[in-house]
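Asker: Kindly produce the complete structure, drawing on both the sequences and the hints.
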Amino acid sequence: MTVPRPYALLAELTYRCPLHCPYCSNPVVLKSATAVTAELTTDEWRRVIREAAALGVLQIGFSGGEPLARRDLADLVHAAREANLYSNLITSGIGLDDDRMRALRDAGLDSVQLSFQSDDTDLADEIAGARAHERKLNAAAKIRAAGIPLSLNLVIHRRNIDRLPQMIGLAEMLRAERVELANAQFYGWAFLNRAALLPTREQVVSAREIATTAKARLAGKIDIFYVLPDYYESRPKPCLNGWGQRYLTVNPVGDVLPCPTASSAIPDLHFENVRARALDWIWRESERFNRFRGTEWMPEPCQSCPQKEIDFGGCRCQAALFTGNAANTDPVCTLSPNRAGVDAVLGDLNSSSDHACDWTCRMNPMKLPVSQ
Amino acid sequence: MRMLEIADAAKPRLARGVRLQIDSTTGKSVLLFAEGILELNETAQEILTRCDGRTVSEIVLALAEEYDADPMALAADVRETLIDLQRRKLIELA
Numbered sequence: 001m002t003v004p005r006p007y008a009l010l011a012e013l014t015y016r017c018p019l020h021c022p023y024c025s026n027p028v029v030l031k032s033a034t035a036v037t038a039e040l041t042t043d044e045w046r047r048v049i050r051e052a053a054a055l056g057v058l059q060i061g062f063s064g065g066e067p068l069a070r071r072d073l074a075d076l077v078h079a080a081r082e083a084n085l086y087s088n089l090i091t092s093g094i095g096l097d098d099d100r101m102r103a104l105r106d107a108g109l110d111s112v113q114l115s116f117q118s119d120d121t122d123l124a125d126e127i128a129g130a131r132a133h134e135r136k137l138n139a140a141a142k143i144r145a146a147g148i149p150l151s152l153n154l155v156i157h158r159r160n161i162d163r164l165p166q167m168i169g170l171a172e173m174l175r176a177e178r179v180e181l182a183n184a185q186f187y188g189w190a191f192l193n194r195a196a197l198l199p200t201r202e203q204v205v206s207a208r209e210i211a212t213t214a215k216a217r218l219a220g221k222i223d224i225f226y227v228l229p230d231y232y233e234s235r236p237k238p239c240l241n242g243w244g245q246r247y248l249t250v251n252p253v254g255d256v257l258p259c260p261t262a263s264s265a266i267p268d269l270h271f272e273n274v275r276a277r278a279l280d281w282i283w284r285e286s287e288r289f290n291r292f293r294g295t296e297w298m299p300e301p302c303q304s305c306p307q308k309e310i311d312f313g314g315c316r317c318q319a320a321l322f323t324g325n326a327a328n329t330d331p332v333c334t335l336s337p338n339r340a341g342v343d344a345v346l347g348d349l350n351s352s353s354d355h356a357c358d359w360t361c362r363m364n365p366m367k368l369p370v371s372q
Numbered sequence: 001m002r003m004l005e006i007a008d009a010a011k012p013r014l015a016r017g018v019r020l021q022i023d024s025t026t027g028k029s030v031l032l033f034a035e036g037i038l039e040l041n042e043t044a045q046e047i048l049t050r051c052d053g054r055t056v057s058e059i060v061l062a063l064a065e066e067y068d069a070d071p072m073a074l075a076a077d078v079r080e081t082l083i084d085l086q087r088r089k090l091i092e093l094a
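Sequence order for the protein chains is Y and S. First residue of the first sequence? That's 1 in the working numbering, and the numbers climb one at a time after it. First residue of the second sequence? That's 1 in the working numbering, and the numbers climb one at a time after it.
Think of the hints as simulated: they come from the structure by calculation, not from any bench. Being a predicted model, the structure only gives us computed values, none of them experimental. Beta carbons are placed, not taken as given, at the ideal position from N, Cα and C, and that holds for glycine.
Coverage of chain Y stretches by chain S, computed from C-beta distances (three or more under 8 Å per stretch; other residues unrestricted): (1) 57–70; (2) 84–95; (3) 147–156.
Across the chosen pairs, the derived CB separations fall in these ranges: (4) Thr42(Y) - Asp52(S): 33 to 41 Å; (5) Asp8(S) - Thr334(Y): 49 to 57 Å; (6) Pro337(Y) - Arg54(S): 53 to 61 Å; (7) Glu80(S) - Asp354(Y): 50 to 58 Å; (8) Arg13(S) - Pro306(Y): 37 to 45 Å; (9) Ala356(Y) - Asp84(S): 42 to 50 Å; (10) Asp354(Y) - Arg13(S): 49 to 57 Å; (11) Thr360(Y) - Ile22(S): 44 to 52 Å; (12) Ile22(S) - Thr295(Y): 30 to 38 Å; (13) Arg19(S) - Ser234(Y): 36 to 44 Å; (14) Arg79(S) - Pro299(Y): 42 to 50 Å.
Answerer: Written as structure tokens, this is what we have:
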């Protein structure tokens, strides 16, 4: 099989974060006690960045946790610029003061994706589990003043989906270039809190219409991406454009993953680490990256399906979370023998008006349990 | 969709935060922007490398001369490409 070249690297610099959002995709359980304390050093990240560029990567997203929690962030942005990568900072904005904004701009940062939990301060702070909203508005102003393009990322779920028009209004007010209205995807903390986060069918139908109308109204001004909640779809999302095809993630301790959630969703996959192996070898040769690459691994109904080169069998993490086997067809697909599992979740929610509303806030990673 | 229009006298340029560079893996031109990569076809590449302060009319004339083509026919292609790029916020008009 010819191994494709990757286009984008997600660099998860740290799991540390001042926010406690209940839909965080970070792990709920750590693989080892050192998963927080043994973060890659500045020099190790510099090497990863160089190796990624040599492999064909054109873009890097600095993410986390909160990447601003790393004091060497501007040095890493500079390393990305030197490797000719386009850099994007994916941040809560907490910790972005004038000095750091200037340092990041001078280092060559190309764009910032700033998260908001809602347009409404009280609701936003409740979701974030911290007094964060006003500081985010402040951060947005600093990003604008630095002349760096601003994308907003709003994770949508049952508690805020009815405020979609106001949240689009927030993007207009902040003069964002792009806004991503992304329904929570159920991995990590979001999977744990699914009962409190999944929107009702009625909410989803209405939100889709609002997003479509806004997209047309704001064409040429704000680019709006609306990410559907895939449980309500009949065909799975083309997750990552296929396993090990275009994207790779390096987590805070140097494990290399096809996606940020694979490590916790698929516990039996042990991933290679940049401290032991070259990135090129991990991408091309490692068993983990090749396990679900291409279409040969697919079971039925995917194997004989005309859609198999379109959706790639959906999401491996979702298959693992629902069925215990990452090699199964994504159960969102109505052709999957496991679709009943998704329908049961939707049925429970939509057949009653008595909805769970308690969620577990994302914990400080230092306090997370460690798996065996 | 709201109709976007581009005047002959408009001066298109890459939008803030958009980079035009050569992909060293393929040797082809790509546009890099927030969370996206666009591999350019030859038409788009030829147009974008001329978005350097020239007006739309000047770009059309330069391309017509370069390729010995009819400016009227070319103008429609250029306009279509620019409108598409503008819709995606990859260029702005000065």
